[in-house]
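Novice: Chain A is already provided as a structure; the job is to place chain B on it using the hints.
So the chains spell out like this:
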Amino acid sequence: MKKINLIFISLILAISSTIAIAGDWSKIRIGTEGAYEPWNFTDSAGNIVGAEIDLANNLCERMNAECTFVQQDWDGIIPALTQGKYDVIMAGMSVTDERKKTISFSKAYMTEPARFFTLNSSPLSTFSSAKNLNLDDDGSATAGTISSLNNALKGAKLGVTVATIHEDFANSYLDTDLKIYPTQDEMNLDLAAGRIDAMLCDVGTAEAFMGTAGGANVVTFGPNVFGGPLGEGVGAGIRQSDTDLKAMFDKAIADAAADGTITKISMQWFGKDLAP
Amino acid sequence: MLEAISFGDAGWGDEMLMGAFWTVAVSISSILLGLVIGIIFAGFKLSSIRVLNLIAEFYTTIIRGVPELLVIYLLFFGGGSAVMYVAKIFGYFGYIELQPFVIGTLAVGAISGAYSTEVIRGAVNAIPRSQFETGSALGLKGFRLYQKIIFPQVARLALPGIGNVWQITLKDTALISVTGLVEIMRQSRIASGSTHEPFIFYTIAIILYLIITRVSNVAFDKAEIRYSRGFVKRKIS
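Chains as they are written, first to last, in the working numbering: chain A, 410 to 685; chain B, 219 to 455.
In isolation and in its complexed conformation, chain B is listed as follows:
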């Protein structure tokens, strides 16, 4: 048992940790990509331009309505073929491999982005109109208005929801093992298939996921406190 999780060539400890590293790496890059998508599409949804509304609505409806695994399959198998098809039009007939990390980040980021869009849209909607008006009255316009007045308040309202999206994103990374990226899930499958000790390795996987979520919860709690300065924590009594 201890031999199985020892470090170095005799055990799987280093491989499992490396898997955890990739899980964290994909999760972080996916949530960041998702936040960028979320901010842009929340803007689209709140925009008064009808076409932008429709684009954003189409995106969130499709991604949130389709199983995550399907989105990943589509990007992994379909994405590669699509890229090669385009390359053929330009006269390149070789094989182009999309890196599993890139595909994984795109797929999980696209999923995460759809949820972030809704969280950010909700948070912006919750900000009273008067805040925008006060900002204008102070002479702030456009980006400055958002930077100084709106964003800090959106962050406070969006953080609990984003924390939720983060946990979903973290767990979605388990699905990208199909792309060949050796993250925690794929590594546990390799180790259990090679040693016939699935119980040990899936248990280690559970522990690794729990450690990552626990640490990130602490970070999100800290951030929530930071962005809630000046607010009293309300409890239902």
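For reference, chain A alone in the conformation it holds in the complex:
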């Protein structure tokens, strides 16, 4: 019996490739999607680049850690963290209560409101409302903005991407028909083709699409939406057991925000300041 066990374990070790021991943070593995321009994406030479890559390298310098990037499909990005494939997620992931049940987050390193987008030919493009919709504010203005949004979207088909804060928000606040997409790009194509009337997503992602030929007719409408299920912003996802690593990231992010590094990186990649 013992012999069989030994054979089994050596087999397992033979097919395993990287082995890391937790607790020592001189080396940090950062998981990212590598397909979410301009946050994190892959250039045509195959290198991972983007705002979060620059930021991660800067944070790692502050923490005296050597960082490597691991690419992971969005679908499995949280399970792969909890399993230990990498130690941190930096993949444009918004901090939400739902996700906090499984993993913990550093403080937000970038914040960006969500907005609605439609085609310039759509009647929705002329919809006007309050400038901001803060879901953490329980006042009557918030309720008023939501009900005027619901009126405007009556009978319209609204696109969101799956398992995002935008889907959560639309489910809990809007009555409109939802079309749920696996990726932003598919949603972009359907909006441009008129298969949905509007989409709800991050401003930055939509603006990147509006800069391409396919997205030339896309315009934004409605308020900047934030707070509530839309969360505090984008933060680094960390295993709940790694409280020491979370403290290191919190401090590095606070320093990077204070000395203007995040603003600089944000201006470079997004053309605007997303610093928290």
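Hints in this document: simulated from the structure, not taken from any laboratory. Be aware that a few hints might be false.
[Claimed, not checked] Here chain A is said to cover these stretches of chain B; the calculated rule only asks that three of the stretch's residues, wherever they fall, bring their Cβ under 8 Å from a Cβ of chain A: (1) 242-253; (2) 399-411; (3) 414-420.
Ideal Cβ positions, reconstructed from N, Cα and C, are used throughout, including at glycine.
Specialist: Okay, now just chain B, sitting in the frame of chain A:
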């Protein structure tokens, strides 16, 4: 457009080709694993031992009855946890990563194996009893009987079905992009997410898959002809 598919650092041509390489590599290793599984479990199904029948029946029923993606999720997320759980029993607490290629091959191979089992079982069943008896009469026993008499005939009958399994296997590899292996599908997603040109890259993916299936069809046709020597091609008139 041409810039997007050019080779070298300025374009995605080399990355897409590399993706195609991994798709072919996983497909080939999966179908081979699947054939080994198929031969073993077809033997189990045809065996007169009840327990072996049940094991094989359980395997093909589960794998063929559950969506492929679920099998892959189970092996990718569950497999890693299971391996680490076992390692913990032996006092090893670190992280053990299963290589995406290994996980992908195991998952797609297990799926492919279930279909191959049925194809091979069907082919063996289609061989007349008299062939076994003739073999015995010639003094062939056990493995030699199968090698000389039965296998060449099974191959002829199983090849069209295996060709079908190959195409399913090839397309199932698209599902293992979740394990992080950069095959055609994952590479197209990376490229389209990075350039916002999904149309170009998914079209290239279609073309790559079609090239691979076309080339493999030719190979399977050749093999079918080879194993059908001495048989007239029957057509329904």
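Novice: Does each hint hold? Answer for all of them.
Specialist: Hint-by-hint comparison with the structure:
Under the rule that three or more residues need a Cβ within less than 8 Å of chain A, the assignment of the segment 242-253 of chain B is violated, with 0 such residues. Chain A is given as covering the segment 399-411 of chain B, and this holds because 7 residues of the stretch bring a CB closer than 8 Å to a CB of that chain, at least three being needed. As drawn, the segment 414-420 of chain B meets chain A at 4 residues by the rule of a beta-carbon pair under 8 Å; at three or more, the given contact holds.
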